[in-house]
Amino acid sequence: MIRFEGVGKRFGDHVVLRELDFTVAPGEFVTLIGPSGSGKTTILRLLMTLERVDEGRIYVGDECLTHVPKGERLVPAGEKHQRRMRKRIGMVFQQFNLFPNMTVLQNVTEAPLRALGLSKGEAEARGVDLLELVGLTDKTNARPSQLSGGQQQRVAIARALAMRPDVLLLDEVTSALDPELVAGVLKVLKQIASTTDITILCVTHEMQFARDVSDRVMMFDQGQVIEQAPPEKLFTDPDHERTREFLHAVLDRR
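Counting from 1, one number per residue, gives the positions in the sequence shown under the UniProt record's numbering.
Since the hints were made in silico from the structure, they are not lab data.
All clues stand as given, with none of them false.
In the DSBU-like style, the derived pairs of lysine-lysine whose C-alpha atoms are separated by at most 30 Å in a straight line are:
id, residue 1, residue 2
1, LYS233, LYS187
2, LYS187, LYS139
3, LYS87, LYS190
4, LYS87, LYS120
5, LYS190, LYS139
6, LYS87, LYS139
7, LYS80, LYS70
8, LYS139, LYS120
9, LYS190, LYS233
10, LYS120, LYS80
11, LYS70, LYS87
12, LYS187, LYS87
Starting from the given sequences, assemble the full structure and let the hints guide the process.
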């Protein structure tokens, strides 16, 4: 469902991604771990077309996200193509990014109404179902300012799911939350992972969450995947010394 082929990304002289190759299968939950600044979030931003690749190509399903055919060659995709492809991808950010002037239900229904052309009734029915999924049926008419951080993040998850995406991207979705609020968000994500066929690519520093919910964990460092394995293998018997160093440092802080 996701395929990176030789992807490179630079910001000025700083190389963030180096000839990056990896795939994520349909319905798979893959988590990226690694030190801050290693390029993990850049991967998500490229998939959301918030950044453009400097080298290589990215595919979503059987379509190229980054390029389109022109004659016998591929050229960088324009905004129209990328806008169509973005409908297949949902993203949940660290900082909720809810519309403060809208109710919870309006936040969830706005994109399906405008981008998918759903009727108000269809969008609201979908929104109510998703708010039930994330445990917020009693907050339908509340404003974001009336919610806790954990509740706001669960609304953001429901909003991303309202577009019925093939791919869901999660960027440090618990990092802005107080520790006591993290469990509720992680419970929702585990439920989504176990009850839907959505392909999920997650960036997190929550090692226990990565271990509990992932089908595969990829250790990322200096712009490359240096090791990948099922969580029980990577967290208990990693092959790479850099992975062992990282896990030792992260787990010792907890």
